[in-house]
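S.K.: Each chain, letter by letter, is given below.
2 protein chains.
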Amino acid sequence: MTTSLARKPLLIDALQYNKPERARFKEWRDGGVGCVHVTLAIWENARETLAVIGEWNRLLEHNADLVALATSGEDIQRIAASGRTAIVYGFQDTSPFEDDIELVEIFYQLGVRIAQLTYNVQNRVASGCWEPDENGVSKFFGRNVINEMNRLGMLVDVSHCTERSCFDAIEYSSRPIAVTHANPSEFVGTDIELNRRNKSTPLIKRLAERGGVIGLSMYPKIMRDGSNCTLDTFLDMTAWTVDLVGVDAVGLGTDYYDGWPESEIKWWRAGRWSRESAIPIKGFSAWPSWFQSSVDFPKILEGMAKRGFSEDEIAKIAGGNWLRLFDESFAPQQVQAEASAA
Amino acid sequence: MTTSLARKPLLIDALQYNKPERARFKEWRDGGVGCVHVTLAIWENARETLAVIGEWNRLLEHNADLVALATSGEDIQRIAASGRTAIVYGFQDTSPFEDDIELVEIFYQLGVRIAQLTYNVQNRVASGCWEPDENGVSKFFGRNVINEMNRLGMLVDVSHCTERSCFDAIEYSSRPIAVTHANPSEFVGTDIELNRRNKSTPLIKRLAERGGVIGLSMYPKIMRDGSNCTLDTFLDMTAWTVDLVGVDAVGLGTDYYDGWPESEIKWWRAGRWSRESAIPIKGFSAWPSWFQSSVDFPKILEGMAKRGFSEDEIAKIAGGNWLRLFDESFAPQQVQAEASAA
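Order-wise, the sequence lines are chains A and B. Position one of the first sequence corresponds to residue 4 (the working numbering), numbered consecutively onward. Position one of the second sequence corresponds to residue 4 (the working numbering), numbered consecutively onward.
Just so you know, the hints here were simulated from the structure itself, not pulled from any lab data. Ideal Cβ positions, reconstructed from N, Cα and C, are used throughout, including at glycine. Be aware that a few hints might be false.
To be verified - To give a feel for the contact side, a few chain B residues facing chain A, derived at Cβ under 7 Å:
(1) ARG50
(2) ASN60
(3) GLU108
(4) GLN112
(5) GLY229
(6) PRO301
Stated by the list, open to error - Computed far set for chain A versus chain B, every beta-carbon distance over 10 Å:
(7) GLY139
(8) VAL245
(9) ALA273
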């Protein structure tokens, strides 16, 4: 499927967490996706994360016709222009850093460019959305990690964090941060337990004021009407968010996943810190009819065009805003400072 | 001290294993050392080696006036030309790779360019010089690791390996290998137990035939007359080795160490694999009077000149041979193949 858009915008999905395999890479090409931020780790420690990177090294080698690793905005543009998909490495928890501030740089050296401070629960760095709202970024290790990420050029992500942790991260970070995959709770409603990770209106406004971007998600549990959410409702949410914070602060972050066995869900929900999931496991959610996989991205762009978004606006929401944020976030602080001065 | 040489040759020390600290970097500058291959790990596993690299990252940042990391021959030349010392990361054992073939590339990504197959004893990859002579490179993991090092551009070092492991590595490796720090046993004699790691004449000849280089060492336990070895005797050994295999296969690899507490010796000798050192620990050996530290390198170059080595020969032995080998060894195999074809 192709869209009626005169120019094909750079499309960036700010979060997918698939089992790493070629089938997804083909879907990305078929859907015209120029860049995907992928998740390497949630509960994995440093050593386990090295094994994941090793697996990705082989995957990148064997699928060089479809994908390549990007560690800069320039990489993303070059790889996407070659017809392939640029992969940005990220973590959904700071567990790979363990308790060692030096590991932030080690993983930066290995190509990681985005890290979420915590995934759902409290860790050494921050507090997750299942914890009490008032729990924030830790005073010592949490601030150290944010400073170190700022210095190196690793983007802070707070999608699964408490409201307090999100506000703290925005304030403590000297550089803009990201909500790579969450929706506005005021639009979606707060009747579903899991959508505690949607974000409040004051938070989204503060994020945008400081140059951050929010990636709107198709994950059924955080959309209005769940799996029955229509494309129209998703586009309503897009328009609502753009009205709230402007067209420069909104992107896409599907939270799409595929290829995992159901047993993986327990790992996501409970890691090694609980013998049981705190939330009953009922299998994978059904993706909405209009977004069954990355192949369906053109439908969303088409929908935006029909809804009356201009081509410039669509280009920003589809990927331009993420490209701007990634480009300015991934360079080391000194380099960035020199570039600003020039 | 300066030498009477008309041009100052690039000086490369193919092995030092100091406690990482600024005092050594100053000695390197004072001794005119352009490049040092340093040891990051002997018995350290993957996670522990990340911590060592983290420590080096900070050291490199705080001592950027004196040192910088080199991952290519070009880096070495550029850094040395700037008046600083180029540091090449290496391992003296493959223990950081644990049992995981993918970790070779992970550590290559983190800058490691040389790895000795094993340190004194048998491991998954090869057998060390304290083991029976007939033990060689392992058929599965050992050959896999050598292939992977060949592919990536990580130089195989066999200084502490058994004769059989050395010969095996030379045959299995598609690229030249190195003895970064050992002496010819025929010249030194075999009366000292520890100098089992000196190399036989047939081995040094085979190493050189295949493009490898041997680094002659000032470590007292492997020199003729130990700590009382004179500079004249060291120069005799240098001339003897050059006569044996030609001036293109001989370099320097001091095996110098400083800054460690005596307790470190037990770690080197016994790691975690023995509760006691197999060899009685009698404190650190005294370095010979003419090589108390890297500051004394000019004395050796001066000695070579007096002995009648030409400036070209001195340039090769002092660093030119290592630069040639490092330059051709550190590029990935494909890149190297393309360069050869061009």
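S.K.: Hint by hint, note whether the structure agrees.
M.R.: Hint by hint, here is what the structure shows:
1. ARG50: 5 Å, holds
2. ASN60: 5 Å, holds
3. GLU108: Since chain A brings a Cβ to about 5 Å from GLU108/B, closer than 7 Å, the hint holds.
4. GLN112: This interface hint holds because 6 Å falls under the 7 Å limit.
5. GLY229: 39 Å, violated
6. PRO301: Check failed: Cβ of PRO301/B comes no nearer than 36 Å to chain A, outside 7 Å.
7. GLY139: Per Cβ check, GLY139/A is outside 10 Å of chain B; nearest 27 Å; holds.
8. VAL245: Holds, since 40 Å exceeds 10 Å.
9. ALA273: 24 Å, holds
Checked against the numbered hints listed earlier, the structure breaks hints 5 and 6; every other hint is satisfied.
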